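Throw the hints in and build the complete structure from the sequences for me.
If you're matching them up, the sequences are chains A and B in order. Take the first sequence: its position 99, counted from the start at 1, is 99 in our numbering, and no numbers get skipped. Take the second sequence: its position 32, counted from the start at 1, is 32 in our numbering, and no numbers get skipped.
Simulated from the structure, these hints should not be mistaken for lab results. Every value quoted in this text rests on a predicted model; they were computed, and no experiment measured them. Some hints here could point you the wrong way.
[Unchecked claim] Heads up, incomplete: computed chain B residues facing chain A, CB under 8 Å, no partners named:
#, residue
1, F11
2, R12
3, A32
4, A45
5, G49
6, Y52
7, P53
8, G56
9, N59
10, R81
11, R98
12, S102
13, I104
[Unchecked claim] If you want the ones that stay clear, here's a sample from chain B, every Cβ over 10 Å from chain A, calculated:
#, residue
14, D25
15, A26
16, Y30
17, K78
18, L108
C-beta: ideal position from N, C-alpha, C; glycine also.
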Amino acid sequence: MAEMTEMREYLAAVRVALAGVPARDRDEAVAELEANLRADVGRRGDNPAALAAALTDLGTPEQYAEAVRDALGVESGSPEPQGHLLGMPYEFRAPTTARIMERMWNPSNPQIFMPRLWGMGWAINFGAIAVRLGLMRPDDVEQRPFENLSARAVSLAVAVPATLGAIALVIAAAFWSRLPASVPLHFDAAGAADDWGPKAVVIGLLLLFGSGLPAVVLGWQALRRSSPGTLAITSVLLALFSTLSVVILAYTVANAVYHIAGWWIGALILGSLVVPGAMFVLLARSSLKAEWRSATEPRDSDPEEGAR
Amino acid sequence: MAGNDARTSQFRKGAVELAILALLDAGELYGAEIVERLSILPGIAVTSGTVYPLLGRLNKAGLVDSVWRESPLGPPRKYYRLSAAGSSDLKDMAASWRGLSSAIDALLKEVGSRG
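In structure tokens form, the structure reads like this:
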């Protein structure tokens, strides 16, 4: 029964492509497809050629899964994580631009805590915060977010993580010889160091996230000639990492070299979130304004309009 | 134009849903029959890949009911029919579709005569 295997394989592939859709909806969608597919094959003659023709009409399993998501998406407005473990959402699929936007910059969704992009826990929906602060309206995002940004705005966005990454490198280089062999690895709520590690490892890790990651990711995007929107969104995400790195690196140096400590480091780390948040708001506004301008420009120069 | 395709597919999705409900108003049908009847309408041009997911959605939304029936050849078939909610939804959607389409037609007529 080679044809049965082929149908089972197609159904299994659709199920895989539906990862992230709630289990019940996924089961229903696959059962629905199986019922319809069997009836279709039956009426086409119930032979291998009939199955092949029916499968061709359906498109690839990925396309079919996309159509199911599309159909279900009309009703479920909130992003679904890959799964839950002990009540916490987890996500181990590679982040896509669409998923970053849906979870970190989604003004149309009032929910502030979203399933995290990668790993376990939650992400912050800066879009919802901007709406609550009165900076944005829930519908203030284009179909293809940030794609109308000017080259200058995109370069400015890219410059944020690039500059912060460079600052991290400069701080590490300037204080390297003055740092003791083991430096603080963890701080308690009062800001005092309570765990130490070799300086090459601690500083290396901070630089990896703050400088290495932006360099690799931005380099990769440049090679792929990513669209302005993708570059801007990636820059915001990288800015989050590099801001945190610079803040933690500076505090580690201050603590190890000058013995400075205080509870305010916790507030400062939380405050780092302001950087990506502000970038989202500024970029969204800039892109929207560019879109409005391009929508009104042709009207001004329309010769027919002027003649009347 | 890519943007044009995206827009067309947006309003086509709503239209295909309405078309499915309209077909089922005449009586119950199984999935492949719905695809066949829609695919011969040139303006709609759908495949099973778009119709089945929409049937799933309509079923989940309670607008259509499904029932298994024996078939003269091959395996049993899953038939769809309008539910009570689907019937009243169809009436609402049909009314707003007619209103919308006559308004748009009137506007498009002007576009044609001007150009």
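Right, here's what the structure says about each hint:
Given the 8 Å rule on beta carbons, the hint for B/F11 is violated: about 13 Å separates it from the nearest Cβ of chain A. Among the interface hints, the one on B/R12 is violated; its C-beta lies about 11 Å from the nearest C-beta in chain A, farther than the 8 Å criterion. About 4 Å separates the beta-carbon of B/A32 from the nearest beta-carbon of chain A, less than 8 Å, and the hint is met. Because the smallest distance between the Cβ of B/A45 and any Cβ of chain A comes to about 12 Å, over 8 Å, the interface hint for this residue is violated.
Residue-level restraint check for B/G49 holds (minimum Cβ-Cβ distance to chain A is 4 Å; threshold 8 Å). For the restraint placing B/Y52 at the interface with chain A, the shortest Cβ-Cβ distance is roughly 5 Å, inside the 8 Å limit, so the hint holds. Because the closest C-beta pair between B/P53 and chain A is about 4 Å apart, less than 8 Å, the hint holds. At its closest, the beta carbon of B/G56 sits 4 Å from a beta carbon of chain A; the interface hint therefore holds under the 8 Å criterion.
Nearest Cβ of chain A to the Cβ of B/N59: about 7 Å, under the 8 Å cut. The hint holds. Against a cut-off of 8 Å between C-beta atoms, the interface hint on B/R81 is violated, since the closest Cβ of chain A lies about 15 Å away. Violation of the interface hint for B/R98 is found here, the shortest Cβ-Cβ separation to chain A being roughly 22 Å, above the 8 Å cut-off. Using the Cβ-Cβ criterion of 8 Å, the hint placing B/S102 at the interface with chain A is not satisfied: the shortest such distance is roughly 25 Å.
A cut of 8 Å between beta carbons decides the hint on B/I104: the least distance to chain A is about 20 Å, and the hint is violated. Residue placement check: B/D25 keeps its beta carbon more than 10 Å from all beta carbons of chain A (closest about 20 Å). With a least CB separation of 19 Å from chain A, B/A26 remains clear of the 10 Å interface cut-off, as annotated. A beta-carbon of chain A is positioned within 10 Å of the beta-carbon of B/Y30; the least distance is around 5 Å.
Annotated as non-interface, B/K78 brings its C-beta within 10 Å of a C-beta of chain A; the closest such distance is 4 Å. Non-interface status of B/L108 relative to chain A is upheld: no Cβ of that chain comes within 10 Å, the nearest being about 18 Å off.
The structure fails to meet hints 1, 2, 4, 10, 11, 12, 13, 16 and 17 from the earlier list, while all remaining hints are met.
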